[in-house]
Amino acid sequence: MTDDNLPELTPLDPAFITTSRIASALGLLPFVVGAGVLEFAKLLPLGTFLVPVLLAYAFVAYTVPARKYWHWGYDMGTDRLRVVRGYMFYSDTIVPFGRIQHIDVDQGPIDRRYGLAKLTVHTAGNHNSTVALPGLAHADALAMREAIRAAIRQDVL
Amino acid sequence: MNHATEGPIDVTGQEGERLHISGLFVGFVSGLPQLFFPLFAAIFGVRKSDNPALIPIIIAAVLALSLFFRWLGWRRFRYHVGADDIRVEKGILNRTARSIPYDRIQDVSIEQKPLARMMGLSEVKFETGGGDGDDATLRFVTLEEANRLRALIRARKAGLSEAQDTAPMVEAEDAETIFAMDGKRVFILGLYSFSLIIFAVLGGLAQQFDFLLPFDLWDLKRWAGLAQESGMSVNTINGVGIAGQLILAFGAFTSLIFIGFATGVVRTYLREHGFRLTQTSKGFRRQRGLLTLTDVVMPTHRVQAAVVQTGPIRKRRGWHSLKFVSLAQDSKEESNYVAAPLATLDEVWRIAQVAGIHGPYGDEQLRTGAALHWIIQLLLLVPPLLIAMAALVIFADTAFAPTLLLLLLLVFATFMFWCDWRRYRFGLDDQQLYLRRGWWQQRLTLAPQVKVQSIEIAQGPLTRRLGLASLKFGIAGGTLEMIALPLSTAQAIRSAVMEKVAAVDYSAINRSH
Numbered sequence: 064m065t066d067d068n069l070p071e072l073t074p075l076d077p078a079f080i081t082t083s084r085i086a087s088a089l090g091l092l093p094f095v096v097g098a099g100v101l102e103f104a105k106l107l108p109l110g111t112f113l114v115p116v117l118l119a120y121a122f123v124a125y126t127v128p129a130r131k132y133w134h135w136g137y138d139m140g141t142d143r144l145r146v147v148r149g150y151m152f153y154s155d156t157i158v159p160f161g162r163i164q165h166i167d168v169d170q171g172p173i174d175r176r177y178g179l180a181k182l183t184v185h186t187a188g189n190h191n192s193t194v195a196l197p198g199l200a201h202a203d204a205l206a207m208r209e210a211i212r213a214a215i216r217q218d219v220l
Numbered sequence: 016m017n018h019a020t021e022g023p024i025d026v027t028g029q030e031g032e033r034l035h036i037s038g039l040f041v042g043f044v045s046g047l048p049q050l051f052f053p054l055f056a057a058i059f060g061v062r063k064s065d066n067p068a069l070i071p072i073i074i075a076a077v078l079a080l081s082l083f084f085r086w087l088g089w090r091r092f093r094y095h096v097g098a099d100d101i102r103v104e105k106g107i108l109n110r111t112a113r114s115i116p117y118d119r120i121q122d123v124s125i126e127q128k129p130l131a132r133m134m135g136l137s138e139v140k141f142e143t144g145g146g147d148g149d150d151a152t153l154r155f156v157t158l159e160e161a162n163r164l165r166a167l168i169r170a171r172k173a174g175l176s177e178a179q180d181t182a183p184m185v186e187a188e189d190a191e192t193i194f195a196m197d198g199k200r201v202f203i204l205g206l207y208s209f210s211l212i213i214f215a216v217l218g219g220l221a222q223q224f225d226f227l228l229p230f231d232l233w234d235l236k237r238w239a240g241l242a243q244e245s246g247m248s249v250n251t252i253n254g255v256g257i258a259g260q261l262i263l264a265f266g267a268f269t270s271l272i273f274i275g276f277a278t279g280v281v282r283t284y285l286r287e288h289g290f291r292l293t294q295t296s297k298g299f300r301r302q303r304g305l306l307t308l309t310d311v312v313m314p315t316h317r318v319q320a321a322v323v324q325t326g327p328i329r330k331r332r333g334w335h336s337l338k339f340v341s342l343a344q345d346s347k348e349e350s351n352y353v354a355a356p357l358a359t360l361d362e363v364w365r366i367a368q369v370a371g372i373h374g375p376y377g378d379e380q381l382r383t384g385a386a387l388h389w390i391i392q393l394l395l396l397v398p399p400l401l402i403a404m405a406a407l408v409i410f411a412d413t414a415f416a417p418t419l420l421l422l423l424l425l426v427f428a429t430f431m432f433w434c435d436w437r438r439y440r441f442g443l444d445d446q447q448l449y450l451r452r453g454w455w456q457q458r459l460t461l462a463p464q465v466k467v468q469s470i471e472i473a474q475g476p477l478t479r480r481l482g483l484a485s486l487k488f489g490i491a492g493g494t495l496e497m498i499a500l501p502l503s504t505a506q507a508i509r510s511a512v513m514e515k516v517a518a519v520d521y522s523a524i525n526r527s528h
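Which chain is which? The protein sequence lines are A and B, in order. Quick note: to get the working numbering, add 63 to the position in the first sequence (first position is 1). Quick note: to get the working numbering, add 15 to the position in the second sequence (first position is 1).
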């Protein structure tokens with residue numbers, strides 16, 4: 064599975080587990096509320112509906128983010144960025160700095176609370192025109208942006 | 016004004032410049048139409064209330080709220096002209112900080128809509144070659160600031176690369192024809208463009224406008240009556256015997272075929288008449304058309320990949336078409352630049368050579384895909400088929416034997432997959448990537464490795480278990496995906512290509528020489 068000549072991957076900031084737990088918990092809350100309403104409408108015997116939904120909710124909001132975290136990884140090379148993610152649908156992308164058009168550092172409200180940020184690089188390709196790397200410490204994301212920008216400038220000179 | 020700061024800086028703080036405050040007003044006024052629905056909903060919500068004074072209050076509240084959010088957005092928006100890049104920071108809750116290196120800025124456009132113009136404001140757009148359209152827009156700054164920014168960026172860009180913009184603009188008429196199609200060639204292409212679209216068009220028109228006709232088009236009895244008036248009847252048709260019926264059917268079929276070919280030839284003549292591809296100092300120049308003449312220039316350095324296509328019949332006669340992939344759109348129906356609609360392989364490679372792309376030296380450098388990939392796809396079809404069969408027997412009370420006919424689908428699919436596998440080839444040499452796919456419409460994509468934007472190794476849940484992977488190359492304006500590779504091969508190809516790609520910068524490969 065491991066590549067012969069590629070360096071070890073850097074894991075994301077562990078706070079990413081917490082932020083994605085909060086994000087999925089909030090995002091899926093409407094379903095639980097809906098299930099609760101149906102439950103109290105007494106269309107089905109007590110608990111047959113709400114219990115499975117709550118179990119699924121706990122799984123998706125608690126267990127899945129931790130698993131996702133372990134399958135993310137990145138490597139910041141001297142001239143390229145490698146982003147690896149996914150287990151079921153595994154994807155391992157390399158973007159050379161020399162092909163990056165512009166760079167975004169995004170911070171949502173949850174991210175800001177935990178000092179995280181998402182780095183997105185844009186290329187001119189139709190496939191992978193944006194490659195996103197979430198769950199970085201904000202300072203790291205800024206440092207990576209500076210490194211990439213510096214590399215682009217050096218390429219030209 | 017210009018901070019020529021060195022080293023990493025975080026402009027999340029108070030650095031950078033704000034947009035012009037009057038822009039708030041322009042944005043607010045031009046955004047009023049969007050407020051129509053919220054306003055309507057709010058008024059609708061309070062229509063039952065007894066207090067008529069509520070309505071103006073609601074309107075004022077919605078307007079004030081909109082203005083408040085625009086003001087917040089304005090407060091949280093900063094741009095910063097740095098030593099090597101433009102930075103834009105924005106977002107009320109979601110903060111985005113975008114960095115656009117000067118070298119990547121293709122163009123700075125200044126736009127003045129009427130209202131903004133009255134206020135002396137303008138909109139500045141920084142365009143890069145990025146895949147998505149939304150690069151960076153400053154909405155709004157004063158016209159002086161816009162001009163200052165544009166001049167500044169042009170100066171910075173020029174400073175970055177002196178040689179880049181000094182391309183010879185003096186155009187000598189040294190145009191050399193590299194490919195042209197005479198009337199006979201256009202006619203042959205027309206025959207290959209067999210099309211029954213005219214019936215779809217007529218049918219569609221008839222359905223749209225049948226109320227205009229003085230009779231009911233779909234009244235079959237009336238048509239039969241008309242035929243009877245002219246001495247025909249259903250009985251006479253029945254009476255001509257089986258041979259006569261066959262002749263009639265044959266006649267109908269022949270005229271259908273004839274109309275199909277005629278449509279193809281006419282359409283092709285209209286589009287391709289006088290096709291001429293010339294090589295000028297600016298790049299390829301293509302002129303064609305009978306009634307609408309088109310004249311399209313494609314700079315050679317913009318070509319990202321070449322696609323050579325052929326069909327099952329035209330391949331036997333040695334005909335191929337050549338298209339160039341780029342970020343530009345050729346026409347409404349064709350996104351790639353058509354360099355030769357019908358040409359022999361020799362002609363195709365001669366044109367491609369001009370764009371710096373050479374043909375494969377032979378089939379031996381191209382490899383077949385792992386058959387396992389197609390076998391998995393075939394096996395994935397089996398469970399749904401079995402379920403469908405079971406459902407038919409259980410719920411529709413069908414006898415078991417007829418459901419076996421469904422298995423014919425499987426035989427058909429096997430044949431299709433086999434054809435696909437047999438034609439599929441991928442490969443690379445020290446400069447280019449090759450991908451051949453399709454057994455009916457055959458397509459060979461050739462891409463110079465230095466033009467690749469990104470490389471992804473992807474695996475699905477099943478292929479991961481079996482050690483297979485696909486390799487997706489990001490190409491500006493097109494796609495190139497190699498499938499059914501063993502993971503180790505995919506990794507080896509990626510490292511080899513990456514060495515070529517990372518060594519050259521984007522702006523260097525898309526610069527005219």
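Hint data in this document are derived by calculation from the structure and do not stem from the laboratory. Glycine is no exception: its CB is placed at the ideal position from the N, C-alpha and C atoms. Hints should not be assumed to be uniformly reliable.
Pairs of lysine-lysine residues, derived as BS3-like cross-links and limited to a Cα-Cα distance of at most 30 Å, are as follows [what the hints assert, rightly or not]:
#: 1; chain 1: B; residue 1: 105; chain 2: A; residue 2: 181
#: 2; chain 1: A; residue 1: 181; chain 2: B; residue 2: 140
#: 3; chain 1: B; residue 1: 515; chain 2: A; residue 2: 181
#: 4; chain 1: A; residue 1: 181; chain 2: B; residue 2: 172
Computed beta-carbon distance windows for the label pairs [stated by the list, open to error]:
#: 5; chain 1: A; residue 1: 91; chain 2: B; residue 2: 332; range: 39 to 45 Å
#: 6; chain 1: B; residue 1: 130; chain 2: A; residue 2: 71; range: 55 to 61 Å
#: 7; chain 1: A; residue 1: 149; chain 2: B; residue 2: 111; range: 20 to 26 Å
Here are a few chain A residues that sit away from chain B, every Cβ distance over 12 Å (derived from the structure) [stated by the list, open to error]:
#: 8; residue: 77
#: 9; residue: 95
#: 10; residue: 96
#: 11; residue: 109
#: 12; residue: 111
#: 13; residue: 135
#: 14; residue: 151
#: 15; residue: 152
#: 16; residue: 156
#: 17; residue: 188
Tested hints:
For the hint linking residue 105/B to residue 181/A, the alpha-carbon distance of about 15 Å falls within 30 Å, and the restraint holds. At roughly 24 Å between alpha-carbon atoms, residue 181/A and residue 140/B fall within 30 Å of each other, so this suggested pair holds. Of the pairs offered as hints, the one joining residue 515/B and residue 181/A holds, with about 29 Å between alpha carbons and a cut-off of 30 Å not exceeded. Taking the CA atoms of residue 181/A and residue 172/B, the gap is near 29 Å; set against the 30 Å cutoff, the hint holds.
Between residue 91/A and residue 332/B the C-beta distance comes to about 60 Å, which lies outside the given range of 39 to 45 Å. Range check, residue 130/B to residue 71/A: about 56 Å between beta-carbon atoms, so the 55 to 61 Å window is met. Separated by about 25 Å at the C-beta atoms, residue 149/A and residue 111/B satisfy the suggested range of 20 to 26 Å. The non-interface label for residue 77/A is consistent with chain B: the shortest C-beta to C-beta separation is roughly 22 Å, beyond 12 Å.
Look at residue 95/A: its CB is around 24 Å from the nearest CB on chain B, clear of 12 Å, so calling it non-interface holds up. For residue 96/A, the shortest C-beta to C-beta distance to chain B comes to about 23 Å, beyond the 12 Å cut-off, and the non-interface label holds. Under the 12 Å C-beta cut-off, the non-interface status given to residue 109/A relative to chain B holds; the minimum distance is some 33 Å. The beta carbon of residue 111/A sits about 26 Å from the closest Cβ of chain B, which is more than 12 Å, so the claim that it is off the interface holds.
Non-interface call for residue 135/A relative to chain B: holds, since the shortest CB-CB distance, roughly 15 Å, exceeds 12 Å. Against the 12 Å criterion, residue 151/A falls within the reach of chain B, whose nearest CB is about 5 Å from its own CB. The claim that residue 152/A lies off the interface is violated: its Cβ sits roughly 6 Å from the closest Cβ of chain B, which falls inside the 12 Å cut-off. With 12 Å as the threshold on Cβ separation, the claim that residue 156/A sits away from chain B is violated: the shortest Cβ distance comes to roughly 4 Å.
Non-interface status of residue 188/A relative to chain B is broken: a Cβ of that chain comes within 12 Å, the nearest being about 2 Å off.
Violation of the numbered hints given earlier is confined to hints 5, 14, 15, 16 and 17; the remaining hints are satisfied by the structure.
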